[in-house]
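When you get a sec, could you build the whole thing from the sequences and use the hints?
Protein chains in written order, with my numbering: chain S, 13 to 214; chain G, 13 to 214; chain B, 13 to 214.
Hints in this document: simulated from the structure, not taken from any laboratory.
A few of these clues could be false.
No copy is singled out in the list; a pair is fine if it fits within one copy or between any two copies.
[Claimed, not checked] Listed next, the in silico DSS-like pairs over lysine-lysine satisfying Cα-Cα at most 30 Å (straight line): (1) Lys-204 <-> Lys-38; (2) Lys-93 <-> Lys-38; (3) Lys-92 <-> Lys-38; (4) Lys-204 <-> Lys-92.
Quick caveat, the model's predicted, so the values are computed rather than measured.
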Amino acid sequence: MNISFVFDVLGVIAFSISGVLSGVNKRLDIFGIFIIAFVTSVGGGTLRDIMLNLPVFWMQNMLYSYLIFVSGLLAVIFRKKLYYLKNSLFLFDTIGISLYTIIGIQKGIEAELHPLICIFLGILSACFGGVLRDILCNEIPIIFRKEIYATACLSGGIIFFVLTYFSVPPNWVVILSGAVVFTVRLSAVLFKWSLPSLYQKD
Amino acid sequence: MNISFVFDVLGVIAFSISGVLSGVNKRLDIFGIFIIAFVTSVGGGTLRDIMLNLPVFWMQNMLYSYLIFVSGLLAVIFRKKLYYLKNSLFLFDTIGISLYTIIGIQKGIEAELHPLICIFLGILSACFGGVLRDILCNEIPIIFRKEIYATACLSGGIIFFVLTYFSVPPNWVVILSGAVVFTVRLSAVLFKWSLPSLYQKD
Amino acid sequence: MNISFVFDVLGVIAFSISGVLSGVNKRLDIFGIFIIAFVTSVGGGTLRDIMLNLPVFWMQNMLYSYLIFVSGLLAVIFRKKLYYLKNSLFLFDTIGISLYTIIGIQKGIEAELHPLICIFLGILSACFGGVLRDILCNEIPIIFRKEIYATACLSGGIIFFVLTYFSVPPNWVVILSGAVVFTVRLSAVLFKWSLPSLYQKD
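Shown next as structure tokens:
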């Protein structure tokens with residue numbers, strides 16, 4: 013079985029749960045919650061496919077819709093339990109961006125684009141669903157604010173091409189660079205890393 | 013004459029008027045009002061066509077631009093009269109989503125997609141113009157808040173495929189399922205139906 | 013050397029600098045600043061290419077990414093100097109929209125679209141990057157508010173087709189209609205022109 017496929021499925025589930033928790037938090041109705049779950053899950057990949065002139069992935073394969081629906085439903089039912097696991101939203105979000113970064117890079121490579129553009133597609137796939145979620149909830153997207161977020165995807169993307177350059181086997185490239193995204197993001201939150209803001213009162 | 017075409021034209025007019033009223037309400041200048049009218053009218057269909065890799069409908073056929081301009085202009089001129097008809101904004105919006113839901117479903121069927129994806133395209137065509145309008149006006153999109161909105165489109169979409177399954181003639185499928193969207197949305201507002209919000213203080 | 017290419021490069025630089033200044037102003041971190049610079053620079057052109065079913069311009073040609081990165085970096089380093097030149101943000105923005113309006117119109121002509129749609133594509137190319145920038149920063153897009161902005165692009169677009177109709181040589185059409193956009197926008201701010209808002213308390 014293809015490891016990319018496993019990553020894809022896990023990413024959809026992780027983001028769907030993250031979307032449900034955001035929607036519940038924003039006091040949306042049940043339909044709005046599922047829309048946010050859907051948008052968070054497939055938003056980044058949809059923009060990626062549109063920009064690559066590919067068929068939109070979830071419109072060709074019903075698996076994604078079913079996964080989002082079922083995992084969203086479970087998240088709604090067990091939302092209290094997920095809540096009490098204080099950091100669950102954060103954890104699912106972090107797993108999601110790790111997985112999606114790699115998928116985005118791989119699609120860029122298939123389209124024979126420049127490595128930098130591939131990394132950009134990875135960041136886009138990983139972060140744009142969350143950006144849409146935040147825009148729809150009328151907030152400044154979290155990735156533009158203090159926390160290290162897209163930077164984690166960027167690090168993983170660079171590692172991806174460095175490992176590929178040194179002929180590391182593809183499955184290991186995928187696992188290791190995904191782990192880098194996850195670790196950087198996790199460390200950033202645990203150790204309160206942040207990028208400098210350049211704003212100053214003059 | 014094709015009934016889909018009539019629906020298409022009426023939908024554009026309805027959404028254009030709804031956009032003008034929102035823009036006036038938001039104190040935008042005259043140019044901004046026309047942009048909002050345009051975005052509300054064609055936003056959903058544009059995203060639908062992009063996702064289906066089809067040419068964007070209003071770029072191939074000037075009829076839509078002229079319709080939006082003329083109906084927008086009339087809405088601007090007679091805006092006070094439309095205002096005094098307290099519920100006009102709501103009414104035009106409701107007509108618009110009924111018509112666009114059906115058009116979206118039909119485009120999905122032409123692209124030979126799964127019925128669920130067709131219904132999704134219907135909801136997208138119907139609701140995304142309004143979502144864009146609300147995002148541009150810096151509000152949480154109305155469809156994510158209390159009122160039953162996308163649910164009305166969903167009901168109509170399901171009826172569409174149920175009727176088709178029972179071999180109801182196409183024109184009747186279109187009229188009946190459009191009527192379902194309209195009736196559900198209207199009833200929801202008249203009888204103050206709403207979907208449950210899952211938010212709770214813990 | 014093609015004058016369109018020179019315009020393209022200058023437009024990217026101008027918008028990139030304008031994006032950096034907005035990002036700094038919004039207290040974003042360094043990564044967020046570069047994302048805003050990128051989105052402001054290529055957002056309008058990306059939507060234009062997607063709607064025309066063309067390959068997205070900056071994904072095919074690394075020049076744009078490098079230009080945005082270098083000009084963004086210079087803008088970050090010299091941001092205080094740019095700040096003290098009070099109107100620099102405005103000036104770069106105005107140069108950017110002038111250049112992008114023309115490029116959008118030219119792409120529309122190449123796709124053999126109706127002149128009105130070409131003008132619309134010009135406005136979209138010029139303004140949508142800024143709209144995205146404002147949406148991401150959670151503000152009502154500047155073009156929908158008081159100032160004459162899209163109207164300047166509209167004027168330039170009309171002049172473009174009037175000059176073309178009278179067989180003015182292409183390079184002069186480009187320079188003159190670009191100058192119209194620039195002049196209208198500059199005059200609008202200098203002389204505090206604005207379009208009427210139709211809002212009234214009833």
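Taking the hints in turn, this is what the structure says about them:
no.	hint	verdict
1	Lys-204 <-> Lys-38	both (25 Å within a copy, 21 Å between copies)
2	Lys-93 <-> Lys-38	within (18 Å within a copy, 37 Å between copies)
3	Lys-92 <-> Lys-38	within (15 Å within a copy, 35 Å between copies)
4	Lys-204 <-> Lys-92	both (27 Å within a copy, 28 Å between copies)
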